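Just so you know, the protein sequences line up as chains A and B, in that order. Numbered according to our numbering, the first sequence spans residues 228 to 340. Numbered according to our numbering, the second sequence spans residues 387 to 502.
Among the hints, a few may not be true.
To be verified - Below, in silico cross-link-like pairs of lysine-lysine (BS3-like), each with a Cα-Cα straight-line distance of 27 Å or less:
#1 B:Lys403 <-> A:Lys295
#2 A:Lys269 <-> B:Lys403
#3 B:Lys403 <-> B:Lys443
#4 B:Lys403 <-> A:Lys321
#5 A:Lys295 <-> A:Lys321
#6 A:Lys298 <-> B:Lys401
#7 A:Lys295 <-> A:Lys269
#8 B:Lys401 <-> A:Lys269
Claimed, not checked - For each label pair, taking beta carbons as the anchor points, the in silico distance ranges come out as:
#9 B:Ser439 <-> A:Gln241: 48 to 58 Å
#10 A:Lys283 <-> B:Glu400: 20 to 30 Å
#11 A:Gln335 <-> B:Val398: 47 to 57 Å
#12 A:Gln272 <-> B:Gly426: 10 to 20 Å
#13 A:Ser267 <-> B:Val398: 35 to 45 Å
Keep in mind that the hints were calculated from the coordinates and are not lab data. For clarity, every value in this text was computed on a predicted model and none was experimentally measured. C-beta atoms are modelled at their ideal positions from N, C-alpha and C, and glycine is treated no differently.
Residues per chain are reported as follows:
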Amino acid sequence: GESVGLHLPTLSVQEGDNSIINCAYSNSASDYFIWYKQESGKGPQFIIDIRSNMDKRQGQRVTVLLNKTVKHLSLQIAATQPGDSAVYFCAERKETSGSRLTFGEGTQLTVNP
Amino acid sequence: GAGVSQSPSNKVTEKGKDVELRCDPISGHTALYWYRQSLGQGLEFLIYFQGNSAPDKSGLPSDRFSAERTGGSVSTLTIQRTQQEDSAVYLCASSLTATGLNQPQHFGDGTRLSIL
């Protein structure tokens, strides 16, 4: 079925290291992808987005890579900081489902000092 | 504030009661969305509004759920005859538009609903 899923439910890294969070999607009709960060007790916070006509987009300390051939999305965080500890969700928008987003189950990132 | 505002932040009620959850979107945003998040899970789409168009209600889990958006701004999500499985965090998001250019959805901090 159609789904957005994550390869790893948890990720633990040392402060200062780079983090890579992965996401797989199954619907080739998806045209827009977003990464969100969610801290405990808070709503998801927008990090970065990418359209399907791109394969890479960079923000401040973050890079999103999109590989449409294997339907894979990743979020790279450079020089990870303790404040980056949170659950990270990828979400996709499918052209055929209007503007709703379909979310994956999330990856818990823990940054060790 | 400049973000999406939701109230109440927490709601505890007895099974069978009705509840109303409120969302104030970001000023100027024409699209408004409701999602539900169960403990430790991703977000589940419920409904979205775009301007004066008919809302997309396809994600509502049962006819006990309804939502309205008055004046193109504030929205209320109503759950009638609440059941224990309705316990979740209800999140509201808004975006500049729901059509045309891809616009990120910006979320409030949600209402944590607990049904006893």
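To see whether the hints hold, each was checked on the structure:
1. B:Lys403 <-> A:Lys295: Between lysine 403 (chain B) and lysine 295 (chain A) the Cα gap is close to 47 Å, so the pair fails against 27 Å, i.e. violated.
2. A:Lys269 <-> B:Lys403: At roughly 26 Å apart (the allowed maximum being 27 Å), lysine 403 (chain B) and lysine 269 (chain A) satisfy the hint.
3. B:Lys403 <-> B:Lys443: Cα-Cα ~22 Å, so holds.
4. B:Lys403 <-> A:Lys321: violated, 36 Å
5. A:Lys295 <-> A:Lys321: holds, 14 Å
6. A:Lys298 <-> B:Lys401: violated, 42 Å
7. A:Lys295 <-> A:Lys269: Violated - the C-alpha atoms of lysine 269 (chain A) and lysine 295 (chain A) are around 31 Å apart, more than 27 Å.
8. B:Lys401 <-> A:Lys269: Between lysine 401 (chain B) and lysine 269 (chain A) the Cα gap is close to 26 Å, so the pair holds against 27 Å.
9. B:Ser439 <-> A:Gln241: 48 to 58 Å: For glutamine 241 (chain A) against serine 439 (chain B), whose Cβ atoms are near 49 Å apart, the range 48 to 58 Å holds.
10. A:Lys283 <-> B:Glu400: 20 to 30 Å: At roughly 51 Å between Cβ atoms, glutamate 400 (chain B) and lysine 283 (chain A) fall outside 20 to 30 Å, so the hint is violated.
11. A:Gln335 <-> B:Val398: 47 to 57 Å: For glutamine 335 (chain A) and valine 398 (chain B) the Cβ distance comes to about 27 Å; the hint is violated.
12. A:Gln272 <-> B:Gly426: 10 to 20 Å: holds, 18 Å
13. A:Ser267 <-> B:Val398: 35 to 45 Å: violated, 19 Å
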